[in-house]
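Visitor: Below, each chain spelled out in residue letters.
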Amino acid sequence: MTRRLSFPLAAALGLGYAFLYLPILLLIVFSFNESRLVTVWTGFSTRWYIELAGNARILDAAGLSLVVAALSASIALILGTLAAYALTRFGRFRFRLLFAGLLAAPLVMPEVITGLSLLLLFVLLEQAIGWPAERGVATIVIAHATFATAYIAVVVQARLAGLDRSIEEAALDLGARPWKVFVWITLPRLAPGLAAGWLLAFTLSLDDLVVASFVSGPGATTLPMVIFSSVRLGLSPQINALATIVIVVVFTAVVLAGALLTRRDISKI
Amino acid sequence: MNPAGDRSRDARRRGIVLAAPWIWLLAFFFAPFAIVLTISFSQGIDAMPPFAPLVDISRDGVDLRATLGSYQLMLSDDLYYVALWNAVRIAAVSTIICLLIGYPLALAIVRAPASSRSFLLMLAILPFWTSFLIRVYAWMALLRPTGIINSALMWLGLIVQPVQMIDNAFAVHLGIIYSYLPFMVLPLYAALEKIDPALGEAAADLGARPMRIFAAVTLPLSLPGAAAGCLLVFIPAVGEFVIPDLLGGPNTPMIGRVLWNEFFANRDWPAASAIATVLLAILVAPIVVFQQLRARIAEKNR
Numbered sequence: 001m002t003r004r005l006s007f008p009l010a011a012a013l014g015l016g017y018a019f020l021y022l023p024i025l026l027l028i029v030f031s032f033n034e035s036r037l038v039t040v041w042t043g044f045s046t047r048w049y050i051e052l053a054g055n056a057r058i059l060d061a062a063g064l065s066l067v068v069a070a071l072s073a074s075i076a077l078i079l080g081t082l083a084a085y086a087l088t089r090f091g092r093f094r095f096r097l098l099f100a101g102l103l104a105a106p107l108v109m110p111e112v113i114t115g116l117s118l119l120l121l122f123v124l125l126e127q128a129i130g131w132p133a134e135r136g137v138a139t140i141v142i143a144h145a146t147f148a149t150a151y152i153a154v155v156v157q158a159r160l161a162g163l164d165r166s167i168e169e170a171a172l173d174l175g176a177r178p179w180k181v182f183v184w185i186t187l188p189r190l191a192p193g194l195a196a197g198w199l200l201a202f203t204l205s206l207d208d209l210v211v212a213s214f215v216s217g218p219g220a221t222t223l224p225m226v227i228f229s230s231v232r233l234g235l236s237p238q239i240n241a242l243a244t245i246v247i248v249v250v251f252t253a254v255v256l257a258g259a260l261l262t263r264r265d266i267s268k269i
Numbered sequence: 001m002n003p004a005g006d007r008s009r010d011a012r013r014r015g016i017v018l019a020a021p022w023i024w025l026l027a028f029f030f031a032p033f034a035i036v037l038t039i040s041f042s043q044g045i046d047a048m049p050p051f052a053p054l055v056d057i058s059r060d061g062v063d064l065r066a067t068l069g070s071y072q073l074m075l076s077d078d079l080y081y082v083a084l085w086n087a088v089r090i091a092a093v094s095t096i097i098c099l100l101i102g103y104p105l106a107l108a109i110v111r112a113p114a115s116s117r118s119f120l121l122m123l124a125i126l127p128f129w130t131s132f133l134i135r136v137y138a139w140m141a142l143l144r145p146t147g148i149i150n151s152a153l154m155w156l157g158l159i160v161q162p163v164q165m166i167d168n169a170f171a172v173h174l175g176i177i178y179s180y181l182p183f184m185v186l187p188l189y190a191a192l193e194k195i196d197p198a199l200g201e202a203a204a205d206l207g208a209r210p211m212r213i214f215a216a217v218t219l220p221l222s223l224p225g226a227a228a229g230c231l232l233v234f235i236p237a238v239g240e241f242v243i244p245d246l247l248g249g250p251n252t253p254m255i256g257r258v259l260w261n262e263f264f265a266n267r268d269w270p271a272a273s274a275i276a277t278v279l280l281a282i283l284v285a286p287i288v289v290f291q292q293l294r295a296r297i298a299e300k301n302r
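Quick note, the sequences are listed as chains A and B, same order. Following our numbering, the residues of the first sequence are numbered contiguously, the last one being 269. Following our numbering, the residues of the second sequence are numbered contiguously, the last one being 302.
Incorrect hints may appear among the rest.
Stated by the list, open to error - Each pair of labels, with its calculated beta carbon distance range:
#  : chain 1 : residue 1 : chain 2 : residue 2 : range
1  : A       : G91       : B       : L221      : 35 to 41 angstroms
2  : A       : S74       : B       : T146      : 20 to 26 angstroms
3  : A       : R189      : B       : L219      : 35 to 41 angstroms
4  : A       : G63       : B       : T146      : 42 to 48 angstroms
5  : A       : W131      : B       : L221      : 49 to 55 angstroms
6  : A       : F95       : B       : L37       : 52 to 58 angstroms
7  : A       : G63       : B       : D196      : 48 to 54 angstroms
8  : A       : V29       : B       : R12       : 57 to 63 angstroms
9  : B       : I45       : A       : S35       : 48 to 54 angstroms
10 : B       : K300      : A       : S35       : 51 to 57 angstroms
11 : B       : R12       : A       : S74       : 22 to 28 angstroms
12 : A       : G54       : B       : T146      : 24 to 30 angstroms
13 : B       : L79       : A       : R189      : 43 to 49 angstroms
These are calculated hints, taken from the structure and not from any lab test. For each residue, glycine too, the CB sits at the ideal point set by N, CA and C.
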């Protein structure tokens with residue numbers, strides 16, 4: 001269809017995107033405001049970014065968040081790809097429905113439930129076997145990997161379903177071992193989907209406040225936890241500056257991920 | 001190669017692929033729910049962790065110390081019903097408004113010229129991945145009495161004094177609609193895109209008007225997408241914590257926030273577990289429906 005949009009649909013598009021983007025745009029604009037008052041424009045300034053660069057607490061938290069995000073996305077990539085491969089290529093297997101259910105449930109599970117239940121698991125494990133001796137990076141990574149696996153499985157499943165299987169079948173017919181077929185044929189063609197999934201899992205982990213708050217210990221504070229405690233005290237232009245940086249990082253990651261996926265893949269997510 | 005040996009090797013291979021995700025999901029997703037259920041029957045104590053073991057093994061024998069105390073607490077205090085009812089109502093209303101905004105938006109993306117569709121879809125997805133916290137924070141600056149909307153309205157002379165737009169149920173609805181709108185648009189887009197344009201053209205050739213084509217062809221075929229979108233918004237919104245905490249003020253308790261406070265402020269882990277159990281029990285039915293919808297949509301995609 002190449003005809004132009006009817007007026008009501010064009011209006012829906014314009015208003016919908018204005019609603020989605022104006023608040024973010026205003027937040028970015030006011031991060032360059034000179035005044036300490038977040039809602040009154042007095043002049044252009046980059047002072048909040050400079051102050052941010054000297055805020056050790058925020059920089060530490062940002063570093064921790066990046067480490068957690070990279071680790072959890074990598075674990076989730078392995079688990080999610082295995083699960084997606086099983087669901088698209090194995091046909092029927094035992095407890096398939098339960099498996100698919102457990103895999104997809106974190107997509108909708110309220111975060112407070114996920115966070116509380118994982119924390120209780122970690123506490124009981126500590127009592128029973130002494131691990132994890134203290135909650136922090138490791139427990140947050142496990143928690144994030146658990147929900148990111150669901151998202152990666154969805155992305156990889158969409159990509160796998162779109163792959164033509166004839167090359168794999170030809171290789172198998174010619175006597176290649178299944179793992180060789182997977183490594184040399186399936187994996188390279190899956191690579192864009194894997195990269196996109198990793199980036200998306202990375203941003204999800206970077207954004208999470210609720211689950212991390214439950215499973216973290218006193219020593220480990222992630223960036224969203226710092227932002228939340230400061231936002232609760234009120235608005236601050238430094239947080240605007242920080243939010244702008246986070247938005248730029250996330251937008252870059254998502255645009256990159258989107259460029260790796262076709263529109264058909266995305267519509268299946 | 002004999003077929004039987006082939007099959008058993010095949011089964012072993014499958015087992016290797018499936019083992020890691022199975023173990024992970026059972027250990028870190030399934031088992032924790034069983035623990036929440038157990039802790040919800042234990043007694044709160046002043047220790048770390050702040051709950052008594054359910055089974056007490058001493059010299060006198062094994063003592064079961066399960067209690068319904070946390071559930072009785074929930075039944076005895078209005079706070080919990082109100083918060084639960086608020087959460088379900090606010091999530092339901094927000095879901096319906098999300099559908100009303102998201103449907104035309106998704107339809108517009110599908111009907112847009114092919115050249116701009118990828119870009120428009122990307123614009124719809126971007127906020128989906130952008131920090132909830134930051135997007136809610138952005139609204140705080142807009143809605144405050146001294147915020148941008150009130151200042152603009154006063155400058156225009158439309159109002160004389162600031163309108164209370166934050167710390168109430170209105171702000172919570174707005175925050176949920178804003179945060180979850182992309183969750184609605186994506187499944188709707190996927191469903192609408194799959195509809196064969198030839199169906200609409202055939203109806204038009206037979207003389208149907210656009211409204212009738214929409215009602216008879218487009219709308220019924222997009223219903224699975226609409227249902228998936230509604231569940232993707234409704235289920236997590238019921239347990240939402242950040243939005244009611246930052247935008248709702250003290251008079252809009254929602255169950256996710258009550259759970260958070262029981263856990264962090266009151267250190268009553270059994271009560272928090274009981275709330276989680278009740279919340280999960282309420283959400284089990286919609287979650288199962290969501291799973292089946294997903295399975296059915298995936299089956300069609302093959």
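Visitor: Give a verdict on every hint.
Guide: Here's how the hints hold up against the structure:
no., hint, in the structure
1, A:G91 <-> B:L221: 35 to 41 angstroms, "28 angstroms, violated"
2, A:S74 <-> B:T146: 20 to 26 angstroms, "45 angstroms, violated"
3, A:R189 <-> B:L219: 35 to 41 angstroms, "37 angstroms, holds"
4, A:G63 <-> B:T146: 42 to 48 angstroms, "35 angstroms, violated"
5, A:W131 <-> B:L221: 49 to 55 angstroms, "52 angstroms, holds"
6, A:F95 <-> B:L37: 52 to 58 angstroms, "21 angstroms, violated"
7, A:G63 <-> B:D196: 48 to 54 angstroms, "51 angstroms, holds"
8, A:V29 <-> B:R12: 57 to 63 angstroms, "60 angstroms, holds"
9, B:I45 <-> A:S35: 48 to 54 angstroms, "50 angstroms, holds"
10, B:K300 <-> A:S35: 51 to 57 angstroms, "55 angstroms, holds"
11, B:R12 <-> A:S74: 22 to 28 angstroms, "27 angstroms, holds"
12, A:G54 <-> B:T146: 24 to 30 angstroms, "28 angstroms, holds"
13, B:L79 <-> A:R189: 43 to 49 angstroms, "55 angstroms, violated"
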